[in-house]
Structure formats: structure tokens, C-alpha cells
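Student: Those sequence lines, one after another, are chains A and B. Count the first sequence with our numbering and you get residues 1 to 304, in order. Count the second sequence with our numbering and you get residues 1 to 389, in order.
In case anyone wonders, no lab produced these hints; they're calculated from the structure. A hint or two may mislead.
To be verified - Derived contacts from chain A toward chain B, CB cut-off under 8 Å, selection only:
id : residue
1  : Met-120
2  : Pro-124
3  : Leu-211
4  : Thr-253
Given the structure is predicted, the values throughout are model-derived calculations rather than measurements. Where is the CB? At the ideal position from N, CA and C, for every residue including glycine.
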Amino acid sequence: MTQLILEQALNGLQFGLMLFLLAAGLTLVFGIMDMINLAHGSLYMVGAYLAAAVAAASGSFVIGVLAAVAGTMAVGALLELAVLRRLYTRDHLSQVLATFALILIANEAVRAIWGDQPVMLNAPEALSGPVEIAGFSYPAFRLLIIAVGVLVALALYIAVAKTRVGMWVRAGASNREMTEALGINVKRLFTLVFAVGAGLCALAGAMLGPLLAVQVGMGESILILAFVVIVIGGIGSIRGALVGSLLVGVVDTLGRALLPWLLRSFLPGEVAAHLGPALAAILIYVLMAAILFWKPAGLFPARG
Amino acid sequence: MRLTALAQALAASLLFASPAFAADKVKVGFVSTLSGPGAGLGVDIRDGFNLAVKHLNGKIGNLPAEVIIADDQQKPDVAKAETEKFLKKEKVDFMTGIVFSNIMLAVGPQVFDNKTFYISANAGPSQYAGEQCNPFFFNVAWQNDNLHEAMGKYVQDKGFRNVAIVTPNYPGGKDAVAGFKRFYKGKAEEVYTKLGQLDYAAELAQIRASKPDALFFFLPGGMGINFVKQFVAAGLSKDIQLFAPGFSADEDVIKAVGAPMLGMFNSSHWAHDFDNPENKRFVADFEKEYGRLPSLYASQGYDAALLMDAAVRDVKGKLDDKAALQKALQAKRFKSVRGDFKFNSNHYPVQNYVLRVIGKDVQGRVTNKTMGTIFSNHADAYAASCKMK
Numbered sequence: 001m002t003q004l005i006l007e008q009a010l011n012g013l014q015f016g017l018m019l020f021l022l023a024a025g026l027t028l029v030f031g032i033m034d035m036i037n038l039a040h041g042s043l044y045m046v047g048a049y050l051a052a053a054v055a056a057a058s059g060s061f062v063i064g065v066l067a068a069v070a071g072t073m074a075v076g077a078l079l080e081l082a083v084l085r086r087l088y089t090r091d092h093l094s095q096v097l098a099t100f101a102l103i104l105i106a107n108e109a110v111r112a113i114w115g116d117q118p119v120m121l122n123a124p125e126a127l128s129g130p131v132e133i134a135g136f137s138y139p140a141f142r143l144l145i146i147a148v149g150v151l152v153a154l155a156l157y158i159a160v161a162k163t164r165v166g167m168w169v170r171a172g173a174s175n176r177e178m179t180e181a182l183g184i185n186v187k188r189l190f191t192l193v194f195a196v197g198a199g200l201c202a203l204a205g206a207m208l209g210p211l212l213a214v215q216v217g218m219g220e221s222i223l224i225l226a227f228v229v230i231v232i233g234g235i236g237s238i239r240g241a242l243v244g245s246l247l248v249g250v251v252d253t254l255g256r257a258l259l260p261w262l263l264r265s266f267l268p269g270e271v272a273a274h275l276g277p278a279l280a281a282i283l284i285y286v287l288m289a290a291i292l293f294w295k296p297a298g299l300f301p302a303r304g
Numbered sequence: 001m002r003l004t005a006l007a008q009a010l011a012a013s014l015l016f017a018s019p020a021f022a023a024d025k026v027k028v029g030f031v032s033t034l035s036g037p038g039a040g041l042g043v044d045i046r047d048g049f050n051l052a053v054k055h056l057n058g059k060i061g062n063l064p065a066e067v068i069i070a071d072d073q074q075k076p077d078v079a080k081a082e083t084e085k086f087l088k089k090e091k092v093d094f095m096t097g098i099v100f101s102n103i104m105l106a107v108g109p110q111v112f113d114n115k116t117f118y119i120s121a122n123a124g125p126s127q128y129a130g131e132q133c134n135p136f137f138f139n140v141a142w143q144n145d146n147l148h149e150a151m152g153k154y155v156q157d158k159g160f161r162n163v164a165i166v167t168p169n170y171p172g173g174k175d176a177v178a179g180f181k182r183f184y185k186g187k188a189e190e191v192y193t194k195l196g197q198l199d200y201a202a203e204l205a206q207i208r209a210s211k212p213d214a215l216f217f218f219l220p221g222g223m224g225i226n227f228v229k230q231f232v233a234a235g236l237s238k239d240i241q242l243f244a245p246g247f248s249a250d251e252d253v254i255k256a257v258g259a260p261m262l263g264m265f266n267s268s269h270w271a272h273d274f275d276n277p278e279n280k281r282f283v284a285d286f287e288k289e290y291g292r293l294p295s296l297y298a299s300q301g302y303d304a305a306l307l308m309d310a311a312v313r314d315v316k317g318k319l320d321d322k323a324a325l326q327k328a329l330q331a332k333r334f335k336s337v338r339g340d341f342k343f344n345s346n347h348y349p350v351q352n353y354v355l356r357v358i359g360k361d362v363q364g365r366v367t368n369k370t371m372g373t374i375f376s377n378h379a380d381a382y383a384a385s386c387k388m389k
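Please take these sequences and the hints and turn them into a complete structure.
Tutor: Pasting the structure below:
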């Protein structure tokens, strides 16, 4: 049993770190630019498709991932310059409408280029199987995801907490007018932040590709979770995004693993089998509601 | 006096004899899921249907065919609106195309009320096979439970007695379990997941701990792709044999997963390697036309068009004679790409179901290979409760 819980905790950690890659970009854009970008999930989809296409053409998963990150950063920067820049001063409703339109455009564009059916993106041969750790076998590729997630979290922490650009970003998140008044080129900063967010999305898309279906609409299903994460963590806070992601990842995974088992100990099997998954599915939303009840601005609010 | 009587008789005969005229063309309304995550299925049905019309030289039953197409976006309300337009404004003679059973159930009543024939090329809800069966509804594919039943039968016959079943917690998933367990009688550990779930690590760890000797899953669309990828990455395929209904293991899924699917067993009523002249022509021309192998959905779309063609030819183009048209559809005078089948009293097929395994073909492509027959002339479990009018 302890082994099962350990394995599930590892699963939760891995799922949480992947969510973090998505949520980090989303929380920066939302926090700093005060902009709701529903099309964030589309960048994730574009990243996964680019990775699949380049990996298939070059035969190398690593080249695929690198190309996906670079390509999606370029797409993100272009998008910011051409469209999103005009939306910053508008209200949230206009932003939601415009970025929802972007989702539809992105989905149809991807369909036009790559077709209706899901495309293939598999892990490199060496990582496609399980490895033995501490007495149980665990998928090697999931370990790689954990490693990449930890590295990116560290790099982001150093970039945001220890560098000058990071200071501007934090300043922009807590008070935009004051930052502008201090002579920071906020426009350029926004483009940079948006491109980095897009790059993180692409990294998530490319790394999750071997575990999930690479298909049109894949971004929307994961975007909701990313929003839950940043609401829990506090909008605009990288630290909040990390804690929120890990919370959501671990609670969701452990809930799915342990709830049916717990229910089975005092309910008849049939009822437990149906009730367990249903309860597990709403667990993270219960978590979100509880956190909002006690900390309405999230765990680590950036503005204060 | 006699003259008036004659005039009355003439008028009466005119009133009652109106179906005597043959139509000058056949109009087909095709509403299907052509965008969004479920689009791959609708597109395959559409392409199969269009290929059949092309093979028939643009005609259905020797009359010029007009196929009008609309996208339901996998939303029942959109499907209802498009169908209404096709029925009332376009006055179509046949409707077809719907992929998903929940949409079929939403659209059915308005089509039947309009006395238009619906030829389902995919959705086979149990309702329309049983008590709500309708003279205007024909299903050319299967009843939803059939492929699950076939898999349950095979798993039972092969002596597996400890099977895990993975399916989403929604009506379709529960139907799949019911269909499977109608023929599988051993121990079954049922694992229900969230609909649209992405990550299956928790379920896979649970399955690893309970050590079943086989696993049957029904996870439509992207969910199945996610699951198979993660199942193989977790190294479970070495100890646990995978089974699935054909729609979780056809060309659309294989294209997305590739080699990890090798060795997976699945059930179907059709396979692209079926050895009959109709199927050979269909598969070769489909590949030439669209650059990919057809899936079972494409074969069903193709057969839907052939069924319309045969029936319209039978009634000599007299589309207004609904009773004759129903009889002609029921008679099914065409050669299906799946080989022979006939319609049951509830307008659902009675047909063979085969076992397929995913392997490499002579060209080295990962694809399905037919292994043998599981059911011969198998009907669905609901036909008995259908009182067809």
C-alpha cells in the first residue's frame, strides 16, 4: 500500500509540474498585463503539433521539442504584436471574446495544415518503457517530465527573483503604472513575457505529446485546469502557480487513486465504483472553493 | 348527375394516386461532426459516402444525386437546427451522417415526424433498436453494444477470468460494460474514469496492483489514445493483454499512437483486408482518393450510400411511396464491403463480427489484420422489444 501511495504521489508530482509549465505563462500574462488569454491552450496545441511534425521529419524527439519551443515563441510574439496588444486597454469581456475567436481560428488552422485526425508523437525509444526504482517500475518518460519540470521551475525562479528583467516583471505585476513611470519599456516587456509564456506552453505540449493525444482541441481540455491553478495560486505569482499546480496535481491524482478504495471499505462495490470517480472529479474544484473562501486572492497574491 | 359522379371519381383518384410519379433527383442531407475533437469520425463517414456516390457516377438509384453537407460541431442543438433546415427548406429525401448517439437521439424525432428516412452510418442507440424503433430509421453499421459483446465473447472463450474494464463514467461507458459482460462471465474489476480524462497514471497504478490478466477498455477518441500511450509506457503491456472494440483501434487511433499498439486485439464487423471484390475496390480507391487507409467509419458511410442507391432503384425512383421504400431498404439489395448481412425486424444489421489484431502489413505499416470470426449472424439484444409498425 505504501508503495502504491508513493507511486501515486510521484504521478501527482509529474502531473502538477506539467500543469505548472502552462500555468506559469498564463499567470504572468494575466497578472502583469491584466489580460485574460483563453487562447493560451491554443499555443499549447501549436507547440505539440510543431513538435510532432519536426520530430517526424527529423527523427529526433529532442530536435522536435526545441523547434516547437522556438517556433511557438515566435508565434506568440507575433500574436502579441499583431492582435493582443490592442486588447490590453479593453475590458475583460472583449478580451475573452477576442481570444475565444483566436481559439477557433487556431483550431481550424491546425486542422487545415495537419488534417482532422490526431497525429503521432511518441517518446524516444530509450524512454518509452518503464524503469525500476525503489522496488516498483515507473515510466521512464514520466521521470523525464519531472526532471524538466523541476529545471524549468528553478530557471523561472532565478529569472524572476534574481535578474533585472525579473524585477521589472514583478514590478509590472504589482503596479503597472508605477513601473511605466520609472521608465521601463513595458510594451517590449509584455512582448517578451508573452513569448516566454508561449514557449513554456510549447514545452508542455511537446513533453505531454507522448502521453496524450495530439489533436485539435487538446488545448481547451487542459486550459480549465491551468485556470484553476492560477486562481488557487494567486494571479500573477510564479510561486503561486508552482504551489497551485502541485496541489492540483497531487490532489487530483491521489483523489482518483484513493477515493474509490476508501469508499469501497464502507459502501457496496457497485456504488463505490460509480461514486468514487464522480467525487474525485470534483475534488480539485472543492479545493479551489475552499481556498477562495479563506484566501479570496489565492495563496500568494502578486498585487498587494 | 352521372357527369358529377364521374368528376368526383376522377378527383378522388387524382388525390389518391399522387405517388405514381418518379422523382427527378435524390437529395441527401448529411449532418455530421466535421469540426472539433470528434471530427475525424465524421470526416471518414463523409469521405466514404462521397466515394460511393462517385463509384455510382454521381447517381443514387439511377437518379442524379445531390448531397448537402453540414457540420453539427458535436452539439445536439446545432444538429437539430441543421436537420430542420434540410427537412423543411431543402426537402431532402434521406438523412444520414450523425456520429454520436446522444445527437442521434436528439435529431431522430423531427426526422421521423417529417416521414424522412434516416440511414444511420454510425450511431446505433439501444432506444431505436428496442421500444422506440421506427419505420423511418435504419442503421447500416451496428447496434452500439455489438462490438463490446464480440470482445466479451472472445475474452470469455479464450479463458480469461480476471479482467479489468476501463471506461468513462457516462451512459456510453456503462453500455459498453453491459455489452461486454453479456458474454464475459469471469471476474471483472470495473474502473470508471472522468469523461475527457487526460492522465491515467492513477488508474494504471491501481491496475498494476490488482494484476488482471486482460484489460478491456472503451475510451472514445482522444481518451483512448492517451490511455494506450500511457499503458504501454508503464510497461503493463508485457503482462496484460489489451482488448478493445474496433472503434478504439482503427486507423484514426493507430495513426496517432503507432507502434505501441502492436498486438492489441479488437472486434469489428469490417476490416480493410476483407477479401471480396467490393471491399478491394473500396479500399484501393479510398486510398487513391484520400491518401490514407479507410477506417470502419468510412466503410459504414460507403455502405449507407449503397443502401440508398439499391432502395431507390428498387422503387424505380418513386420516393413518395414510403411503404415501398421502407420495404426496399429492408430488403437491402446491394453487396456490402463487409460481405453479406441482412436487416433485423428493428432495422439493425444481423451480421458477422470478427477479431482483428494490430500488426505490420507487407509494406511495414502498422494496421489491423483479420484473425477470425467471433459471431456469425449476430443480432442485438433489443430487437425483441421492438414492435415495428
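Student: Which of the listed hints are broken here?
Tutor: 2
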